[in-house]
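**Q** If you read the sequences in order, they're chains A and B.
Take the first sequence: its position 281, counting from 1, is numbered 281 in my numbering, and each next residue is one higher.
Take the second sequence: its position 108, counting from 1, is numbered 108 in my numbering, and each next residue is one higher.
No lab work stands behind these hints: they were computed from the structure.
Among these hints, one or two may not hold up.
Taking lysine-lysine pairs in the BS3-like style, the calculated list, with each CA pair at most 25 Å apart, reads [as the list claims (entries may be wrong)]:
no., chain 1, residue 1, chain 2, residue 2
1, A, K212, B, K474
2, A, K364, A, K571
3, B, K116, A, K199
4, B, K181, A, K212
Okay, the calculated beta carbon distance ranges per label pair [claimed, not checked]:
no., chain 1, residue 1, chain 2, residue 2, range
5, A, H180, B, Q269, 47 to 53 Å
6, B, F112, A, A570, 56 to 62 Å
7, A, A570, B, K356, 41 to 47 Å
Quick reminder that beta carbons are idealized off the backbone N, C-alpha and C, glycines included.
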Amino acid sequence: MINVIDLNYLKHFLLFARKYKVPAFIGIAMLPVSIATSLAFPWLTIKVIDEHLAIGELTGLSVLIFLMVIVTLLNYISESSYSYFLRKMGQYTVFDMRMALFGRILKLPRSYFDRTPTGVTLSRLTSDLEAISDSFVLSFLSLVRDSINTVALLVLMLVIDWQLTLVVLVVFPPVLYLTHFVRNKLRAMFKITRSSLAKGTGYLQECLLGIKTVQLYRAEQEVEARYKEHTSEFLHAQLKTNKYDAALFSIITGVTSITIGLIIWYGSGLVLQEALSLGVLIAFINTMEKVFVPLRDFTSQIAAIQRSFAAFDHIEELFTETLEEDGRQLLKSEDVANRLRDFESLEFRNVSFRYNSQTPYVLKDVSFKLEKGHQLALVGTTGSGKSTILRLISKVYQDYEGSILLNGLELSALAIEDSMHLFSLMQQDVFLFEQSIRFNISLGKEGIDDQQVRDAAAYVYANEFIDRHEQGYDLKLNANGSNLSAGQTQLISFARAVAQGGQVIMLDEATSSVDSITENLIQKAISRFFAEKTVIAIAHRLSTIRHSDTILVLDQGRIVEQGNHESLVAKGGAYANLLSETQATVNGALEII
Amino acid sequence: MTKSRFIIHYFLLNKYSYLFATVCIFAVNWFQVEIPHYIKLAIDLLGENSSDSHAELVRNVWIVIVLAVVMVGIRILSRMYALNPGRITEAELKNDLFYKLNRLPNAFHKKFASGKLISIINNDLNGIRLFYGIGFLQLVNVIFALSLTPIWMWRISPALTLYSVVPILVAFVIFSQGFKKMRSMHTERLKRLQDVSEQLMNYLAGIDLIKNQQMGAWVSQEIDRVNQSLLETTMRITRIQTFVMPVLDHANNLMKVVILGLGGVYLLQQNLTLGEITAFLSYSVLLALPLMQLGRIAVVFQMGMVSIDSVLTILNSEIPEQDAQASAEGGSRKSQTLRVENLSYRYSDADDSVLKNISFVIEPGKKVGVLGSIGSGKSTLVNCINHHLDIEQGQVFWGDDDVATMPRQDWRARIRTITQEPYLFSDTIEQNIRFGSGQQGYKQADIEKVIQLSQFADDVARFEKGDQTIVGEKGIMLSGGQKQRLSIARALLSPSDLIIMDNVLSAVDYDTERKILAGMLDRIKDQSVLIVSHRVSALESMDEILVLDHGEIIARGSHHSLLESSDYYRQTWLLQQNEAEAVA
């Protein structure tokens, strides 16, 4: 039964557990004590009965009784310590594993997050680790203790009286067979109940998501009839399961009494021949409970351990996932650091990119150059590749073809910490930390003091609404930004970009509409960037575009036009078309989407 | 429904089962205390060396074995009949909840996300199942066990009974204190675990920024903090679980020591026999087990109460009065005039009205169109007419009946809405078309007819399995246009007096749209139709077109009259003509 536990699964667990040798050692050392004391109890019981009660001898009884109290206490202490120290090791190990896994996650490439839903990663760090600390550690510890205990008890019984023990052992095979049989039935039923529950829940979910359709089509009775079928299928499977469950429970409990009867019946003959003492008989009767109850639990403990292997499996995957830095040669030297002190130029040379080898290219042969102090606007429809360009620059994706040169150095060969200080990214979806406004601007960087935070906020005209707020810069933001308006969130991200001191501003202009006052502030801040900084922007507003030195018009991953506003309008090509569509839109919004 | 009414209502559902289970549980407990009695008799006969006493001994042993076997049978019955009601209640409640949810209007569903509702039905129903199943079983069991066992012990020796229960009572006090503590720690631990999840979720959402700004060290530190506090709580629970909870178990051993020691003294004073001591040892186990279960029972009942509360939030939501009186067949059907009079609508969370004083009439058999851009209030208008949104009285009439006071189910027997985003079930195309046609067994020919009508036939013919093709979750296997045409077929299958189409052909090009509509309208001449669209081409053939802008009707008339009278209409038309050409 034990060989089903594949030790390979435990590789990482054991690796982390090694750190906690001391509690592990104490826990394991307690096991022999706990077993010895639990065996001593029936042994002392025999002594009490045979040497005192059966023959009417009072002297010395108190010593034995005192010993029994001591044994009970020792048993309590050793058993509790065994569980405590080993579980402590398990909990600390899981704690370390969680930190280690999180550390790994921070180093995984974007492609991992693209193919793995956040929920899955989250459940690796929470429910999978919980499964290990709960079902694995607990079941494993009890399984080990119970099985050693049961075997030791049987050995002791054999030594004391092998004939009587054989009577007990005769009961074993049918009981084992029966539990096995019922367990198999239960497992089969479990599959049925699982699938019928899943079907029912799935249907329920479908109906609730489509409740409007259900109601508009007057299909209430119809879906109810169908749901009822699922419910009753599940119910009947469950009722059957209940039957087997009840049988298993009752048989194991009943078999104790039956065996006791057998022992007395068989033992009565032996006692008369004086081949068996009364003490032994009574001790055996009292021990039966301890022999059979673990039998009931063994199979469920093993099942729990097997279930936890799925969790081990998941975690193993995360441990073997390729890291971003794996197989990447980075340029590292004083010289590189010096050359990257100030921004000089960023150049794309025939850059092509696709998210993975199965998908089509999203950038094809893109070349352009951004010099210090210049402004570059990216224009095009959704899916034209604008955002991808920003993602490549900010090193979210690194496996591009062609060349991206930052100050003449290949971007993919530069470490994030060496290169990214040159850029400040302002995204459409602003990520906020559940911290103060101050933190969200400074991002907790040591070199950024309170005054710099205020200056940055003032630079992008965010100071007004922050100061208006009672708590000012100490206002704690909600993670989803629900205590700020969409426009204010934008301004916070502007201030953050300024405070981080990047020499190049990367702007992904928001398309969502905001109230006109904030919109005005955003426009002012953007104008300021365009007037004073090096900017590369995904632009939607005509005003933003018009102020750029260079406009790149993208279509399906290619640059189709390049130039400034006037020259492109004069050309009357793709850019001119985009522009006229904008103006002709029925709603009249100034947006190119 | 109050909590106590709820508990009684579902309890009475299985009253005979509970009654039978109670009888069985009592029998099991009776046998349980009787068995040590016969063991006692047998043990006391062991020393006596006569054939009479040996026969007596064997008789007692047989009684023990027979009692044990019968007990197994009765125990199986007791567990089945005590636990099954939990399952039956769960199933019944699921159906009741679903019935309620199906009839609660949009206002309710907007308040409760479907995820939350599903979690109530999945998780809270577990709590209720345990309450009505294992909770009942263990409660009755413990009551009988704790009342019968001491009586049998008392009969043997009152003094020994009193002395021997001391350790177990002391332990029980410690155990229950520890248990209480552990319960509150568990709640705290769940909160800590949630903190970890939330933090992780947050940081995973901002992973790009965190990497780009090299904030790894900082977030690791934050995670370490919540992880640490989770560990601390876990360890506190572990300490209670390993050092406090087992006290009861070991007290059972102490109780045995008292029985052997004190009982031994009584025995030597000839006040007690060895058999009686053996019986006492067995009773000590029968006393300790139920005490351990008391804690679990408390948890089951606590959880059950919490679960009942959250289920009651659904069950106590009122189905609107008029909807409760829906007639089975949807009332008598006769084509009537739809009158919309000064309809205004404002969403409860908005400042401005989305619809302002809309008035129009659709006479039987007439085709009316509504043209409007995104945000003009088209879909709101549709959802007011079909009473998906709660409208006030006196705004929408069907003949002389006010729609606001008509049972929704009756109203929807007369009108069919084809929504902009068709919602399909993961079933076959045929079953999706049959959706909403109830028990009326439409023939295969009827299905084929509506597939033809909605211009969906060619697509279906191309599918390998024809109309038996499974469309996948929310119709994922179909294209947008196919989904829309399938939803048109679905609406056409059962007869209705008014069909509303809300922008239903947005996923097909202008030409196909025109073709589909022309073909379809031609075949359903007698039917009243309301078509809502942002495309002029879809509306050209309508009897009347309303131009909706910012919630107001700014112009109305036929296609040709509007081309002359409305600038907005003409401009939209011209612009869309160009687009259509560009595509061609």
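**Q** Which constraints among the numbered hints does this structure fail? Numbers only, ascending.
**A** Structure breaks hint 4 only.
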